[in-house]
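Visitor: Take a look at the letters that make up each chain.
There are 2 protein chains.
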Amino acid sequence: MEDYKLKVFCTVAEIKSFSKASEIIHLTQPAVSSQIKVLEEFYGTKLFERTTNNISLTPSGEILYKYAKDILALYADAEKNIGRLTGLVKGGIRLGACSTIGGYILPRLMSRFHGKNPLTKFTLYVGNTRKVVDLLTTSGIDIGFVEGEVKGHKISSEKVFNDELHLMVAAAHPWASRPGVAVSELEGEPMVMREEGSGTRQAVERFLVKHGINPAGINTAMVLESIEAIKEAVENGVGVSFLSMPAVENEVRAGRIKTVRILQDRLIREFSIIYRKKSVSTHTMEEFISFVKQSSPAVKATGRLAHEAGSR
Amino acid sequence: MEDYKLKVFCTVAEIKSFSKASEIIHLTQPAVSSQIKVLEEFYGTKLFERTTNNISLTPSGEILYKYAKDILALYADAEKNIGRLTGLVKGGIRLGACSTIGGYILPRLMSRFHGKNPLTKFTLYVGNTRKVVDLLTTSGIDIGFVEGEVKGHKISSEKVFNDELHLMVAAAHPWASRPGVAVSELEGEPMVMREEGSGTRQAVERFLVKHGINPAGINTAMVLESIEAIKEAVENGVGVSFLSMPAVENEVRAGRIKTVRILQDRLIREFSIIYRKKSVSTHTMEEFISFVKQSSPAVKATGRLAHEAGSR
DNA sequence: AACAATTACGCACCACGTAAGGATA
DNA sequence: TATCCTTACGTGGTGCGTAATTGTT
Chain A
2 MEDYKLKVFC TVAEIKSFSK ASEIIHLTQP AVSSQIKVLE EFYGTKLFER
52 TTNNISLTPS GEILYKYAKD ILALYADAEK NIGRLTGLVK GGIRLGACST
102 IGGYILPRLM SRFHGKNPLT KFTLYVGNTR KVVDLLTTSG IDIGFVEGEV
152 KGHKISSEKV FNDELHLMVA AAHPWASRPG VAVSELEGEP MVMREEGSGT
202 RQAVERFLVK HGINPAGINT AMVLESIEAI KEAVENGVGV SFLSMPAVEN
252 EVRAGRIKTV RILQDRLIRE FSIIYRKKSV STHTMEEFIS FVKQSSPAVK
302 ATGRLAHEAG SR
Chain B
2 MEDYKLKVFC TVAEIKSFSK ASEIIHLTQP AVSSQIKVLE EFYGTKLFER
52 TTNNISLTPS GEILYKYAKD ILALYADAEK NIGRLTGLVK GGIRLGACST
102 IGGYILPRLM SRFHGKNPLT KFTLYVGNTR KVVDLLTTSG IDIGFVEGEV
152 KGHKISSEKV FNDELHLMVA AAHPWASRPG VAVSELEGEP MVMREEGSGT
202 RQAVERFLVK HGINPAGINT AMVLESIEAI KEAVENGVGV SFLSMPAVEN
252 EVRAGRIKTV RILQDRLIRE FSIIYRKKSV STHTMEEFIS FVKQSSPAVK
302 ATGRLAHEAG SR
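Residue numbers (this note's numbering), protein chains in the order written: chain A, 2 to 313; chain B, 2 to 313.
It is possible that part of the hints are untrue.
Note that the list lumps identical chains together, so a pair holds whenever it fits in one copy or between two copies.
Stated by the list, open to error - Pairs of lysine-lysine residues, derived as DSS-like cross-links and limited to a Cα-Cα distance of at most 25 angstroms, are as follows:
hint, residue 1, residue 2
1, K122, K211
2, K132, K8
3, K67, K81
4, K47, K67
5, K21, K8
6, K122, K38
7, K81, K122
8, K117, K47
9, K8, K67
10, K278, K160
11, K81, K70
12, K160, K294
13, K8, K278
14, K6, K81
15, K211, K279
16, K278, K155
Just so you know, these hints were derived from the structure itself, not from any lab.
Remember, it's a predicted structure, so these values are computed and weren't measured experimentally.
The task is simple: from the sequences and hints, build the whole structure.
Guide: Below, the structure written as structure tokens:
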């Protein structure tokens with residue numbers, strides 16, 4: 002029920018570009034121009050100074066922007082408080098997540114949440130951490146899930162998942178029948194890796210370094226950007242790999258892939274939920290975040306359960 | 002640029018009636034129902050409890066109302082501040098006034114103000130003091146002009162005009178050529194009066210009492226509810242009457258009516274400008290009020306000048 | 001019966017997108 | 001030429017009023 006004109010105006014004021022703002026709010030550039038024009042005609046004054054290549058707020062625009070932010074905040078606040086009162090959970094949530102969470106964990110959470118609250122609508126963007134953070138800061142998404150913690154004055158981050166990366170081998174691999182392997186045995190063993198810069202890759206390398214192994218010395222049989230592709234490669238004996246349990250649950254159940262315990266340690270990485278500090282979240286967002294936090298032990302339990310089952 | 006839905010909602014919430022609210026905002030009842038329905042569907046909850054004969058806000062409605070008032074106030078505030086900055090004076094002002102001001106003083110002020118600020122639009126309602134105050138409290142008008150001062154916790158009143166009531170006689174009347182008459186001479190002289198309850202009537206009676214004359218003893222030749230009618234009566238020698246100078250300026254200039262000085266005293270009454278205490282006035286309203294205050298000496302001067310000219 | 005709110009429906013207007021136009025580096 | 005904003009124009013959706021319907025005292 003927010004004021005769309007003010008929303009458009011604020012976006013333009015913040016992005017300092019009609020065209021870029023139009024993309025963010027999914028409108029055409031002329032539509033944005035038109036909205037601003039209406040505002041300018043109403044207030045009888047230019048709100049933006051149009052110099053070539055960049056626009057800036059006029060003094061009038063500054064005033065309106067100050068009020069517009071407050072007004073929009075009140076709209077959001079009203080909606081949140083009414084939502085809290087009625088307990089109604091509805092409306093859209095735009096999520097962004099890195100591939101592991103976005104591909105395997107979030108879809109289940111989203112489905113369960115949507116099952117409980119059919120009036121909710123999810124949009125999910127999957128990309129790397131930087132992209133997710135960018136989208137969050139530009140209000141392209143409402144909530145993000147990334148590995149590690151994100152520091153930034155505009156973003157709050159909070160750990161929610163403890164995701165374990167399990168060593169995966171083909172069913173026919175010699176390790177498949179062993180109760181566990183030492184970290185040192187990974188040296189020389191052909192491994193399938195995620196690309197440089199991927200969170201999984203970083204976690205694996207940190208793990209190796211922690212146990213005195215130089216990642217550069219690893220026999221990297223293949224580098225793949227897709228989890229699905231890695232599973233294929235592992236199944237076909239290209240090499241072993243570290244993967245998140247939810248990502249290979251089906252293959253492990255079917256016996257096509259086996260998980261092997263690392264004797265000395267477990268490779269655990271933390272996922273964080275991130276959201277804009279200042280923006281007033283909706284009641285539905287509050288509910289979803291709380292749902293995710295409640296669900297995270299369950300997610301871990303599922304993962305571990307499957308792991309126990311798969312490795313015995 | 003305010004949010005029309007919220008405006009409608011607030012009006013209904015305050016008036017506690019769809020149909021009455023629809024009259025105030027000049028909308029049909031179905032339109033109001035529709036607006037509220039949209040809000041209720043958006044927030045997923047009833048905002049009004051519809052019991053027969055009267056409606057009341059639900060808890061959700063209470064929340065929304067609290068926010069809606071603030072939001073509307075911010076819209077108005079933004080507009081006012083931008084208006085102050087740009088110095089632009091535009092938009093509508095709804096005035097209410099008693100007959101003397103509404104009929105003779107305000108039209109000139111409105112015209113002059115409109116001449117300086119062509120983007121302004123005036124609406125003028127003329128009625129007695131009670132009607133004007135009612136309209137003001139129900140937001141039917143923005144500014145009112147009434148005789149005396151109005152006390153009320155929701156209304157601010159401020160004196161602006163010192164309007165003098167002059168004794169008017171027909172050109173052929175014996176007094177017309179005299180430099181002045183004593184108050185006592187009014188006893189027995191046929192007088193034309195405004196109706197009971199009129200501000201002018203009250204002022205005249207207070208004046209008589211002040212000078213030791215019982216109003217009941219006055220020879221009331223005619224009681225008329227219209228100033229124009231009184232002027233006709235005076236011109237035709239029905240009797241003398243007290244009238245505001247601006248109301249008879251043309252007749253005095255044309256010599257059809259003469260003003261006669263009262264020797265001991267002058268009959269001066271005060272007009273006040275009244276407006277709602279809490280409601281955020283627009284910049285244009287501020288400008289108009291300040292214009293009226295500036296103009297009030299001019300109005301008096303004009304009145305006196307004409308008086309001097311007419312009585313000599 | 002009478003009053004108040006809702007539902008049904010047709011129309012007019014407004015905001016959008018597509019396409020063309022202008023200005024500046 | 002490429003980028004960015006504005007203008008022009010046709011169309012679909014929305015909000016209004018009129019009229020009929022429901023519901024309550």
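Visitor: Hint by hint, note whether the structure agrees.
Guide: Now the hints, each set against the structure:
| no. | hint | in the structure |
| --- | --- | --- |
| 1 | K122 / K211 | neither (42 angstroms within a copy, 78 angstroms between copies) |
| 2 | K132 / K8 | within (23 angstroms within a copy, 41 angstroms between copies) |
| 3 | K67 / K81 | both (21 angstroms within a copy, 13 angstroms between copies) |
| 4 | K47 / K67 | within (16 angstroms within a copy, 32 angstroms between copies) |
| 5 | K21 / K8 | within (14 angstroms within a copy, 33 angstroms between copies) |
| 6 | K122 / K38 | between (32 angstroms within a copy, 22 angstroms between copies) |
| 7 | K81 / K122 | within (16 angstroms within a copy, 39 angstroms between copies) |
| 8 | K117 / K47 | between (48 angstroms within a copy, 22 angstroms between copies) |
| 9 | K8 / K67 | both (12 angstroms within a copy, 21 angstroms between copies) |
| 10 | K278 / K160 | within (15 angstroms within a copy, 51 angstroms between copies) |
| 11 | K81 / K70 | both (16 angstroms within a copy, 17 angstroms between copies) |
| 12 | K160 / K294 | within (9 angstroms within a copy, 64 angstroms between copies) |
| 13 | K8 / K278 | within (18 angstroms within a copy, 31 angstroms between copies) |
| 14 | K6 / K81 | both (21 angstroms within a copy, 18 angstroms between copies) |
| 15 | K211 / K279 | neither (38 angstroms within a copy, 68 angstroms between copies) |
| 16 | K278 / K155 | within (5 angstroms within a copy, 40 angstroms between copies) |
Hint compliance for this structure: hints 1 and 15 are not met, and every other hint is.
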